[in-house]
Amino acid sequence: MSSTSTTATYQPATKVGRITDFVDSRVGGSSMVKEFGRKIFPDHWTFMFGEVALYSFVILLLSGTFLTFFFDPSMAETHYDGSYVPLKGVEMSVAYASSLDISFDIRGGLFMRQVHHWSALLFVAAVSVHMLRVFFTGAFRRPRELNWVVGGVLLILAMAAGFTGYSLPDDLLSGNGLRIIDGVIKSVPVVGTYISFFLFGGEFPGTDIIGRLYVLHILLIPAIILLMIAIHLFMVVVHKHTQYPGPGRTNDNVVGFPVGPVYAAKAGGFFFIVFGIIAFISAAFTINPIWNYGPYDPSPVSAGTQPDWYIGWVDGALRLMPGWLGSFPFEWEIPFPWGTNTLSLNVLLPALVPAGIVFTLLFTWPWIERWITKDNREHHLLDRPRNAPGRTAVGVAGVVFYCVMWAAASSDLIATHFSVSLNDVTYWLRVLFFLGPVLGFIITRRIALALQRKDREIALHGRETGRIVRLPHGEYIEVHEPLDDYKLYKLVSYDAPMTVPAEADRNGHISKSEKRRAMISRFLFEDRVAPVTPAELEEAHSHGHQDQLATDADNAAVVEKH
Amino acid sequence: MSDHSNGGPHASGTVTTAGQGEAEKFRDPGLPPHRPRLADVDPRAEKRAERQVAILFVVSIIGTLAFFYAYFFIELDQTIGTLRLQNLVLGLGTAFAMLGIGVGIVHWAKTLMPDHEVAESRHEIRSESDRQDAEKIVGDIIEETGIKRRPLIRNSLIGAMLLAPLPAIAIFRDLGPLPGDTLRHTMWDTDVRLTRDPDGTPIKASDVTIGSAFHVIPEGLNEAEHKLEEKAKAVVLLMRLNPEELNPSEGREDWGYNGIVAYSKICTHVGCPVALYEQQTHHLLCPCHQSTFDLTQECKVIFGPAVRPLPQLPITVNDEGYLVARSDFHEPVGPSFWERG
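Keeping their order, the protein sequence lines are chains A and B. Heads up, the first sequence is in the numbering used here, so the first residue is 1 and it goes up one at a time. Heads up, the second sequence is in the numbering used here, so the first residue is 1 and it goes up one at a time.
Hints were generated in silico from the structure; no laboratory data involved. Everything numeric in this text was worked out from a predicted model, so none of it was measured. Using N, Cα and C, we set each Cβ at its ideal position, and we do this for glycine too. Take the hints with a grain of salt, since some may be wrong.
What the hints assert, rightly or not - Facing chain B, from chain A, some residues (calculated, C-beta under 8 Å):
1. Gly37
2. His44
3. Met48
4. Leu61
5. Thr65
6. Thr68
7. Leu146
8. Gly183
9. Phe200
10. Lys240
11. His241
12. Ala265
13. Val347
14. Tyr489
15. Thr499
16. Ala502
To be verified - Across the chosen pairs, the derived CB separations fall in these ranges:
17. A:Val191 x B:Thr64: 48 to 56 Å
18. A:Ile442 x B:Asp42: 52 to 60 Å
19. A:Ile442 x B:Thr79: 52 to 60 Å
20. B:Asp174 x A:Leu352: 46 to 54 Å
Said to hold, decoys possible - If you want the footprint, here are the derived chain B segments under chain A, 3+ residues with CB under 8 Å:
21. 117-130
22. 272-279
23. 328-341
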């Protein structure tokens, strides 16, 4: 079969047709249109978080490119000579001066700076919320484990992009942020001091760091983010999108709208909406007014300053860590044969351990869950969070763990706003750091199980109508309206994971790790609410005459069953 | 969608049958019937929706024009007020320009484009025949390279490949100088005068009243070649207390003068400036992570993540009555590092 013969026989009638045919016969667009033109995407509001992340990244690229045309990442000394009167003649770095120029002397420059900063905040937030959605609905399960990992990498990259950008204007706040980073790096055993000197090109702050962060911020990190997004979206196409369970939605199909025209219009329109909302926020709400802070100087610092929200949890961990536990110090001077070395666990532990726990669990969770449940099936149908109480509880415990540290980053503001003692705020948050996740786990699991029981009740006995009816023999009952088939199916069509007891291997031996697995499995799935079966529903209907009555008396409310 | 393979119920576990161990499941009633929208059945509603979409697009046009108005006609006059105004109108213009298009398109899609949900089968991600073909191809490729039969080539290649990236690491050596003992010294030295931060005027002991605090830099810092690097180590807080409230340890009795003491302002935690002095309690508080140092106990840590006390700068008074350092700090200032000892 030669393709030349087929193209030779096709004669486009219109001008547009001729151009389209020219391109198509050279790059093969037809097959792409065939593949994607009517591809089905399921629709749900929670699927928009990923889109928000993608679109805010596009806006970051657009606004960031504009800013690069005016920003000068030099730390050379200069005297400010721009329009902002209070800083006239003040000694500062060229980087800070050019950031001021962008704000005050480039028309629309301040707007672009604000758009860039707000979309950066939104980008990390959208990535985070998107990951929470994926976690709580179980969308990370086979075959999407690798895409979950790519998402985790994107989260780290988003935070790295944010922090490198935050440091560029060389104002007082960004310089203090770098100072903290320098202190953390110096606490790293053996190589810390060297890394600090190499990174800053000598002693802190030096004159190299901003130029170096700039290259990372505008070249390396965005390039890797773009690559990761490409891989991420490629895998979405390979897997097709997950969907929530419901009538007509199975593990073997995708139900939704075709790309052309509805989905493309909705998703494309949504880009403009995200852009519009960011533009509105940037118009109305000031972010990072660097002119108020002044140039970086190692001596002053303003009280009550906050890092960008996504760095808060790491900064909060630094605040929560006590230097002394009673008379036990967390900084040790260790005598070695060659001399004494210093180990600053008071800095090292909070900087590495919480983030280490969060990201290790995050990256390995799909495999942990698969190990516990022994569930290696493909899952294209999502779980409603309540229908996976164990996982939901673990997720909430993680969120609480994160949020306690995040709140700790504002411990001074909490103290001043609510007029409580700063030390007490810190003590309480230290307690919550350990207790919060446990409480979060227990409470969430109970809530999830209770919601499942409520669903069961509704499936079995229908909706309470609030109508009280007196029966001929004098009994009063409330009329329950049975659900229609579609609503019923939504409440009963789920998998309730069960405890998988320890299984012996081929030699009849039960390994230690298998016993441990069975223990976790029992812990997570022992309390379980089973989905209603048709037999149970049948029984409920024959027992409860009120349901019977409702069906008789309320025929209009019952949706026709084919 | 003819190219989509039909994944049967056995290709992957289906929710309705797998792994439950329970007798029966509800039958899937299939997609709910499509409910027509107003615009599907009422031509007037359709017309109205069409107009609404067009109006939204016009809103966008107006927004773009507002942007141009703000860009060209709001003159910046070096006050923050006009800048704010311009920023507001530029932003609102952009917001309306974008939201007009976005909301318009979404409204169009939701009211006028077909909203029938469509089902499509899922692909099998990997078919067994493809896997076998791929396995054979990879096997053939490896066989043709002969790498398994020629361990000499394989091992020498592995050796070369392991070694080759190392220069890419080594070449970054010149990013910065080695630390040496730079972290152990500051600009302070015998008879260096204490001066005010930032203007550099020297301080007389008589200027320092009880209860007052000064932010201090060494004399000559403003003219130093590496001003910020020196300042990041040398900044000092100078305070005067009632001498009875100070409890100097042995050997440090003469590090202050008449109740005037000087301590490094760089936090021993991660290096923020310990800028807050609580005059009543004689506590120094670091605003970054709330490490609190007690001045009456030689700046011992009484709260927060820091471990070491702030280093004290030994000071005295020279013949002219100016405060001067007796020496450099006796230990490195700022955050701890491995070689600190």
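Do the hints match the structure? See the list:
Here the hint on Gly37 of chain A is broken, as its CB sits about 10 Å from the closest CB of chain B, past 8 Å. Below 8 Å, beta-carbon pairs count as interface contacts, and His44 of chain A has none with chain B, the closest being about 12 Å; its hint is therefore violated. With a least beta-carbon distance of about 11 Å to chain B, the hint placing Met48 of chain A at the interface is violated under the 8 Å criterion. At its closest, the beta carbon of Leu61 of chain A sits 16 Å from a beta carbon of chain B; the interface hint therefore is violated under the 8 Å criterion.
Annotation: interface hint on Thr65 of chain A violated; nearest CB of chain B at approximately 16 Å, more than 8 Å. Violation of the interface hint for Thr68 of chain A is found here, the shortest Cβ-Cβ separation to chain B being roughly 20 Å, above the 8 Å cut-off. At its closest, the beta carbon of Leu146 of chain A sits 12 Å from a beta carbon of chain B; the interface hint therefore is violated under the 8 Å criterion. Of the supplied interface hints, the one on Gly183 of chain A holds, with its beta-carbon coming within about 3 Å of a beta-carbon of chain B, less than 8 Å.
With 8 Å as the threshold, the beta carbon of Phe200 of chain A comes within range of chain B, its nearest partner Cβ sitting at about 6 Å, so the hint holds. The interface hint given for Lys240 of chain A is met, as the beta carbon of that residue sits about 6 Å from the closest beta carbon of chain B, less than 8 Å. The closest approach between the C-beta of His241 of chain A and any C-beta of chain B is roughly 10 Å, which is over the 8 Å cut-off, so the hint fails. For Ala265 of chain A, the suggested interface contact is upheld, since its CB lies about 4 Å from the closest CB of chain B, less than 8 Å.
At its closest, the beta carbon of Val347 of chain A sits 6 Å from a beta carbon of chain B; the interface hint therefore holds under the 8 Å criterion. Satisfaction of the interface hint for Tyr489 of chain A is found here, the shortest Cβ-Cβ separation to chain B being roughly 6 Å, below the 8 Å cut-off. Here the hint on Thr499 of chain A is broken, as its CB sits about 12 Å from the closest CB of chain B, past 8 Å. At a threshold of 8 Å, the smallest CB-CB gap from Ala502 of chain A to chain B is about 17 Å, leaving the interface hint violated.
A hinted range of 48 to 56 Å for the beta carbons of Val191 of chain A and Thr64 of chain B is consistent with their spacing of about 54 Å. Restraint check, Ile442 of chain A to Asp42 of chain B: a C-beta distance of roughly 53 Å satisfies the suggested window 52 to 60 Å. Between Ile442 of chain A and Thr79 of chain B the Cβ separation comes to about 57 Å, which falls inside the hinted range of 52 to 60 Å. Between Asp174 of chain B and Leu352 of chain A the beta carbons are some 28 Å apart, a value that contradicts the proposed interval 46 to 54 Å.
Given as covered by chain A, the region 117-130 of chain B passes the check, having 8 residues with a CB less than 8 Å from a CB of that chain where 3 are the minimum. Only residues whose beta carbon comes within less than 8 Å of a beta carbon in chain A count, and the region 272-279 of chain B has 4; three or more means the coverage holds. For the region 328-341 of chain B, the stated coverage by chain A holds: 8 residues have a C-beta nearer than 8 Å to a C-beta of that chain, and at least 3 were required.
Going through the hint list in order, the structure does not satisfy hints 1, 2, 3, 4, 5, 6, 7, 11, 15, 16, 20.
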